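Engineer: Here is how the chains run, residue by residue.
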Amino acid sequence: MRRMSTRALLPLLLVPAVALSACSTGNASDGADDGTTTVRLMAYATGGFKEKYVKAVIQPFEAAHPNIKVEYDPVVSSAEMLGRLRTQKSNPTIDVVIMDLSVAESANKEGIFTPLDPAAVPNMKDLSEHAKVRDNFGPGVTFDNLALVYNTEAVTTPPTSWNDLWDPAYKGKISISAPPQLDGIGLTVILSKILGGDYTTSIDPAIERLRKLAPSVQTWNPQPDTYTLVKSGQVNLALAWNARAQLQHDQSNGALDVVLPKEGSIMQVNTINLVKGSKRASDAQTFIDYALSPEAQALFAAEMFYAPTNTLAKVDDEVAQRTVMTPEKLKTMIAVDWNRLAEQRAQWTEIWRKDVISQ
Amino acid sequence: MPTSSRSSEGGTRRGAAAALLAPGLLALGVSFLVPLVWLARMSLNRTVGPAELQTAVSLRSYIDVLTDDFVWEVAWHTLWLGALVTVLAVVVSYPIALFLARTRSRLRGLLMALAIAPLLTSSVVRTFGWLILLSDDGIVNSALSGLGIIGEPLTLTNNVTGVVIALVEIMMPYAILAMIAGFGRVSKDLEDAAGSLGAGRLRCFVRITFPLSLPGVLTGALMVFVLTVSAFITPRLMGGGRVFVIATEIYDQATTTLDWPRASALSVLLLLLFGVFLVLYQRLFRMVEGR
Amino acid sequence: MEDAYLALSKLTKTYPNQSRSAVHDVDIDVARGEFISLLGPSGCGKTTTLRMIAGLISPTSGHIRVDGTDITNRPVHRRDMGLVFQSYALFPHMSVGENVDFGLQMRRVAKSDRRRRVADALDMVHLAHLANRRVSQLSGGQAQRIALARALVIEPTVLLLDEPLSNLDAKLREELRVEIRRIQQETGITTVFVTHDQDEALAMSDRLVVMSEGRVEQVGEPWAVYETPKNRFVADFIGRTNMFDGRVAGRSDGVLRLEAEGLGTLSVRAQQTDRATATVMVRPHRVRIDPAEQMANELKGRVVQSSYLGDVESVVIDVNGVRVLAERTHSGRPLTVGATVGLGWGDADAYVIPQ
Amino acid sequence: MRSLSEAIYRTVAGILVVCSYLFLLAPLLVVFVISFGASPTMEFPPKDWSLRWYADLAGNGEFIEGLRVSLLLGLVVTVVSLVAGVTAALALTRHRFGGRDAVIGLFTSPLLLPSVVLGLALLLVLGPVGLVGTYPGLVVAHLSLTIPYVVRTVMMSLNAVDPSCEQAARTLGAGPVTTFRRITLPLITPGLVAGAALSFIISFDEAVVSLFVVGTGRTTLPVVVFRYVSNNTDPQVAALSVVLIVFSLAAVALIERALGLKRVLSKA
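Taken in order, these protein sequences are the chains called Z, L, B and F.
Position 130 of the first sequence, counted from 1, bears residue number 129 in numbering that gives the first Met the number 0, the numbering being contiguous throughout.
Position 165 of the second sequence, counted from 1, bears residue number 164 in numbering that gives the first Met the number 0, the numbering being contiguous throughout.
Position 153 of the third sequence, counted from 1, bears residue number 152 in numbering that gives the first Met the number 0, the numbering being contiguous throughout.
Position 164 of the fourth sequence, counted from 1, bears residue number 163 in numbering that gives the first Met the number 0, the numbering being contiguous throughout.
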């Protein structure tokens with residue numbers, strides 16, 4: 000009851016503002032007149048994701064399903080997506096969301112997302128083990144991995160190992176997005192593994208090692224766009240994500256390059272989710288099924304180097320080499336319990352700030 | 000003579016006042032009061048697990064915040080930064096303020112505008128200026144190494160040093176404005192009188208000018224302190240992720256960790272802190288004024 | 000007065016949170032063409048009364064009628080009254096001509112007509128040459144004349160003057176006094192004038208209304224109010240005066256004899272005879288110093304203070320501990336303080352205050 | 000003796016004043032000079048001069064879009080603040096009513112609120128009604144920052160206007176609306192101009208509150224610059240900064256002419 004009353008109060012107080020907005024926001028109508036439906040997809044805004052996803056997945060989908068339109072609502076980060084979804088929980092305008100698995104878990108628990116119907120999304124059965132999520136909640140739609148990017152002009156010998164971060168040559172020219180960003184969390188996991196331990200038991204050795212890195216780091220700021228920092232030579236070495244880095248490499252004519260350190264890395268999974276209470280759940284699942292289909296997965300991999308989650312996807316070897324999907328690479332990936340990590344995120348963030356960044 | 004003779008006719012007066020106030024109150028209500036109430040309400044909700052928001056009426060967030068060592072550390076750091084910036088900003092602003100309060104130069108208007116104009120320039124732009132000035136290969140470092148003073152560049156950005164330098168500059172116009180306003184009692188005549196009684200310039204300054212300018216200094220200090228404690232842009236852009244203050248913490252909790260109740264509780268506590276400082280300041284001000 | 004043009008009846012103004020009414024049960028009738036002054040100390044309610052007539056303040060109760068029409072609830076801008084303010088209240092962003100023209104514009108008077116009437120109004124105050132001046136370039140006297148022209152150009156039913164002269168220096172004030180009275184008589188406009196300056200009120204008005212603490216104390220022609228004040232307040236407020244309280248000791252042939260402390264027996268011509276005590280008023284200029292002829296009241300005293308003012312000499316004399324004010328008009332060398340002098344006045348020079 | 004100590008005092012004081020001014024204006028001066036340098040490395044002083052960064056600026060879609068949003072937003076915020084602020088100032092100066100002091104306090108209190116707190120509060124409220132990243136949302140977000148200044152400047156002007164001018168107009172036959180239009184409005188124009196300039200520039204420069212409420216929708220110029228500066232420092236931002244500085248200077252000049260900067264800006 001309380002829930003109801005507080006929720007009811009706010010819109011009432013904001014009537015004037017809503018009235019103001021009514022004339023300008025112009026939400027896409029459901030277009031009932033011509034029989035087409037508009038499915039609203041929320042996904043990443045930055046790093047070329049939107050442009051490539053529209054080209055590789057949405058346009059072909061719309062061509063195949065002339066009565067379904069997909070509108071892309073770009074948002075900077077998964078956290079911000081969750082924030083937005085929360086505020087419209089009672090009356091969602093978004094139908095499908097692509098976001099990081101760790102954040103999606105929270106949304107699943109909060110009841111923002113709803114499990115998919117395996118019958119409506121047949122492609123689910125062909126997904127890799129890594130992509131499957133409990134209870135048929137939104138499965139993985141892309142695979143990626145944490146990597147190192149470097150400025151090719153300043154760095155003559157490309158880094159090969161995470162240990163290269165401690166190379167004095169990079170002193171003051173390193174950028175790492177500290178926790179709560181996933182980059183820093185991931186680095187903690189990787190270091191724990193390299194140092195012969197396991198992040199689930201103790202991260203003390205990793206933190207100890209990171210303390211020595213601290214003075215060399217120029218910025219710990221969460222950069223939505225680390226790639227520009229590297230391209231412009233502001234820093235020479237940075238933690239970054241493979242797929243976007245590959246794209247940036249091509250777009251910057253090689254000013255930046257990306258390596259997967261030999262010790263391996265962690266995988267990052269973007270899941271595709273159905274919003275609970277979606278008024279277009281059936282069309283939304285049609286789209287999700289397409290997004291998980293071998294064709295769509297292959298096309299997007301070719302455009303942006305996210306590895307497909309569908310095992311049947313056929314990807315060019317050249318492209319495949321630049322994604323995380325090759326068997327050799329997959330072997331080096333460290334298994335991560337994202338659910339567990341999400342719960343420890345706050346604690347790790349605090350440890351980082353106290354013991355690493357303050358050095 | 001009744002002062003209320005300004006009013007217009009009839010029983011419509013109260014109605015007229017209400018009608019005139021309506022747009023302003025509505026605008027402030029929507030853009031200020033409702034959000035604050037909503038913020039206070041949100042601070043009573045709970046976050047469970049990683050980031051799951053639960054509607055509740057609970058002081059959990061406050062307890063969590065207040066029993067968290069890290070929060071205390073950040074708060075302490077914020078206050079320390081505020082105090083340091085306040086002292087420095089007041090010191091560097093004092094000469095300008097005193098000069099502007101007393102000069103009879105024809106250029107006074109222009110100089111006044113020059114001192115205050117930066118206030119109306121975005122702090123993003125001014126912080127950017129400092130990034131250029133202070134970066135490793137920036138102007139300050141190249142000047143210093145050019146003069147042979149330093150061998151290796153000083154790290155002046157992406158750390159607390161840069162934040163302090165930039166904040167001091169950003170706060171200067173506020174300090175200058177507040178001080179000029181508070182320098183009303185500092186008159187040239189008093190100094191001249193002291194001079195005629197045989198006081199040297201320095202003694203004159205220490206015994207007459209400075210004590211009289213204290214209320215202005217206090218007002219300026221409070222203004223700078225309050226603004227520094229809530230500064231966000233500069234610590235974020237200049238701090239290199241190393242400088243944690245309450246403002247950046249609120250931003251992170253609100254946008255990255257998505258712990259809204261915690262962010263709201265922090266905000267409410269920051270507001271309370273402000274209230275305490277305002278009261279303390281008024282006490283102090285009265286003490287100094289009443290001397 | 001049955002033929003009253005402007006009639007205030009039982010006019011009362013009470014402000015919330017104030018126990019005393021600012022104006023209480025005020026009844027004033029003003030004849031057509033009459034110049035009437037509201038006079039009183041500050042806070043007596045005269046300005047409030049004027050502003051109620053203008054419509055700037057709404058009365059708590061009572062009525063205002065003009066020419067028989069009740070206008071109590073008519074809004075300001077439909078009252079057709081010309082109001083001249085103490086602060087002139089000229090519109091600083093308009094020229095002199097535009098200021099005068101404003102009221103005509105509001106009345107949608109035709110343009111050609113307006114030009115003529117503005118010129119006439121400026122002519123009337125002898126400032127036709129200033130029509131294009133900025134208001135800020137006017138002197139105080141000029142500004143007040145313009146304000147007068149602006150109020151008159153609309154041919155108001157009543158002209159209301161709210162202490163119009165008090166911001167001016169003494170000489171200008173006297174000049175404008177005459178000027179205002181002249182214009183008022185030329186136009187024959189019914190005028191209500193508010194002032195705290197009794198000289199102004201006495202000099203200009205057909206009749207005075209003396210007010211105190213929100214009430215009307217006395218209404219009458221200036222000379223009547225001056226010579227025969229109705230009570231102590233009026234006697235004291237209008238002009239300087241001596242007032243002596245005494246016990247009635249006897250009466251004969253319309254002359255009352257009073258025993259006053261320190262002064263002995265005083266004789267005064269008076270009608271009323273039925274009270275045991277009375278207050279006698281003697282204006283200082285009626286008191287003779289060292290009188291040549293025999294007078295009904297003769298006293299001796301010591302000069303305590305003497306102020307030489309040129310045309311008169313104002314003297315304070317101590318008579319057995321009672322201070323008596325006197326004036327000498329043909330003085331020459333002023334009296335020395337401490338000198339003993341004789342003083343006296345006739346029984347007709349004194350007046351028994353009725354209340 | 001006296002003249003010597005006087006001379007020393009004057010010299011020391013003079014040096015201090017000049018140094019303080021240099022420190023205060025350094026970032027703006029540097030940005031200004033760099034923006035005209037030809038080299039992308041931001042050498043100072045530049046060896047060659049060029050306007051290329053300004054040309055780049057014109058071609059940068061993100062900046063131009065940000066500028067467009069900020070200009071439009073600034074205009075709308077200014078108009079709304081003027082309407083709300085002028086009516087409120089009228090009520091507060093021309094009417095006596097209970098709780099007047101409290102209302103005045105309410106109209107000035109947003110000045111003391113930390114922008115991060117306001118930003119968060121607005122985010123929490125604008126989110127559920129779908130106004131994050133929209134023009135109406137941004138307008139609402141900026142109003143509490145600008146209205147206090149408009150109320151203050153207009154009240155200052157109104158207090159300087161002799162109320163008997165308005166009363167005179169009323170007795171001359173002008174109704175309330177005509178009186179406001181013909182008398183009050185022209186007389187408070189300086190306050191309106193100062194208030195408008197101030198609220199425009201405050202909205203135009205506002206970064207923190209906007210950062211919370213832009214989302215991925217309409218992004219204001221300061222937010223674009225903030226995000227850009229997080230990753231880059233190049234002369235293009237310097238050129239953009241100069242554009243922003245020019246807007247500020249224009250506002251400063253307007254306010255100084257209309258009412259005087261000092262009076263308008265003190266926060267107390």
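I should point out that these hints are in silico values taken from the structure, not numbers from a laboratory.
Treat the numbers as computed from the prediction; the structure is a model and nothing was measured.
Possibly wrong hints are sitting among the right ones.
[Stated by the list, open to error] So the derived label-pair ranges between C-beta atoms look like this:
1. F:A249 <-> B:E212: 42 to 48 angstroms
2. F:G259 <-> B:H125: 54 to 60 angstroms
3. L:L277 <-> F:A6: 57 to 63 angstroms
4. L:A39 <-> F:P39: 47 to 53 angstroms
5. L:L189 <-> B:M242: 21 to 27 angstroms
6. B:E212 <-> F:V176: 36 to 42 angstroms
7. B:Q104 <-> L:R282: 55 to 61 angstroms
8. Z:N252 <-> F:E61: 16 to 22 angstroms
9. F:R51 <-> Z:N252: 18 to 24 angstroms
10. L:D191 <-> F:R51: 52 to 58 angstroms
11. F:R51 <-> L:R206: 55 to 61 angstroms
[Stated by the list, open to error] Covered stretches of chain Z (in silico footprint by chain L; criterion: 3 or more residues with CB under 8 angstroms from a CB of chain L, positions within the stretch not fixed):
12. 69 to 81
13. 100 to 112
14. 177 to 186
15. 345 to 357
[Claimed, not checked] The following residues of chain F were derived to be distant from chain B, with all beta-carbon distances above 10 angstroms:
16. E5
17. A12
18. A37
19. K46
20. R51
21. L70
22. V78
23. S163
24. A167
25. G174
26. R181
Cβ coordinates follow ideal geometry from the N, Cα and C atoms, glycine included.
Engineer: Does each hint fit the structure? Answer for all of them.
Structural biologist: Here is what the structure says about each hint:
Hint check: A249 of chain F to E212 of chain B, Cβ distance near 58 angstroms, so the stated range 42 to 48 angstroms is violated. A C-beta distance of roughly 39 angstroms is found between G259 of chain F and H125 of chain B, which places it outside the suggested range of 54 to 60 angstroms. Between L277 of chain L and A6 of chain F the beta carbon distance is about 43 angstroms. The supplied range of 57 to 63 angstroms is therefore violated. In this structure the supplied range 47 to 53 angstroms holds for A39 of chain L paired with P39 of chain F, their Cβ-Cβ distance being about 49 angstroms.
Between L189 of chain L and M242 of chain B the beta carbons are some 52 angstroms apart, a value that contradicts the proposed interval 21 to 27 angstroms. Taken as a hint, the range 36 to 42 angstroms holds for the pair E212 of chain B and V176 of chain F, whose Cβ atoms sit roughly 38 angstroms apart. Separated by about 57 angstroms at the C-beta atoms, Q104 of chain B and R282 of chain L satisfy the suggested range of 55 to 61 angstroms. In this structure, N252 of chain Z and E61 of chain F meet the distance hint of 16 to 22 angstroms, their C-beta atoms being roughly 21 angstroms apart.
Between R51 of chain F and N252 of chain Z the C-beta distance comes to about 20 angstroms, which sits within the given range of 18 to 24 angstroms. A hinted range of 52 to 58 angstroms holds for the C-beta pair D191 of chain L and R51 of chain F, which are about 56 angstroms apart. At roughly 58 angstroms, the beta-carbon separation of R51 of chain F and R206 of chain L lies within the given 55 to 61 angstroms, and the hint holds. Closer than 8 angstroms: that is the beta-carbon criterion, and the segment 69 to 81 of chain Z has 4 residues meeting it against chain L, so the requirement of 3 holds.
Coverage of the segment 100 to 112 of chain Z by chain L holds. Counting CB-CB distances below 8 angstroms, 6 residues qualify, and the rule asks for three or more. Closer than 8 angstroms: that is the beta-carbon criterion, and the segment 177 to 186 of chain Z has 3 residues meeting it against chain L, so the requirement of 3 holds. Beta-carbon proximity to chain L at under 8 angstroms applies to 7 residues in the segment 345 to 357 of chain Z; the threshold of 3 is reached and the given coverage holds. With a least beta-carbon separation of about 42 angstroms from chain B, E5 of chain F lies farther than 10 angstroms from that chain, consistent with its non-interface assignment.
The Cβ of A12 of chain F lies farther than 10 angstroms from every Cβ of chain B, with a closest approach of about 40 angstroms, so its non-interface assignment holds. A cut-off of 10 angstroms between C-beta atoms confirms that A37 of chain F is not in contact with chain B; the least separation is 52 angstroms. For K46 of chain F, the requirement that its beta carbon stay farther than 10 angstroms from each beta carbon of chain B is met, with the minimum near 55 angstroms. Its beta-carbon lying about 49 angstroms from the closest one in chain B, R51 of chain F satisfies the requirement of being farther than 10 angstroms from that chain.
With a least beta-carbon separation of about 31 angstroms from chain B, L70 of chain F lies farther than 10 angstroms from that chain, consistent with its non-interface assignment. Taking the minimum C-beta to C-beta distance to chain B, about 23 angstroms, the non-interface status of V78 of chain F holds against the 10 angstroms cut. With a least beta-carbon separation of about 4 angstroms from chain B, S163 of chain F fails to lie farther than 10 angstroms from that chain, contradicting its non-interface assignment. In this structure A167 of chain F is not separated from chain B by more than 10 angstroms, as the shortest Cβ-Cβ distance comes to only about 4 angstroms.
For G174 of chain F, the requirement that its beta carbon stay farther than 10 angstroms from each beta carbon of chain B is not met, with the minimum near 5 angstroms. With a least CB separation of 8 angstroms from chain B, R181 of chain F falls inside the 10 angstroms interface cut-off, contrary to its annotation.
The structure shown violates the earlier hints numbered 1, 2, 3, 5, 23, 24, 25 and 26.
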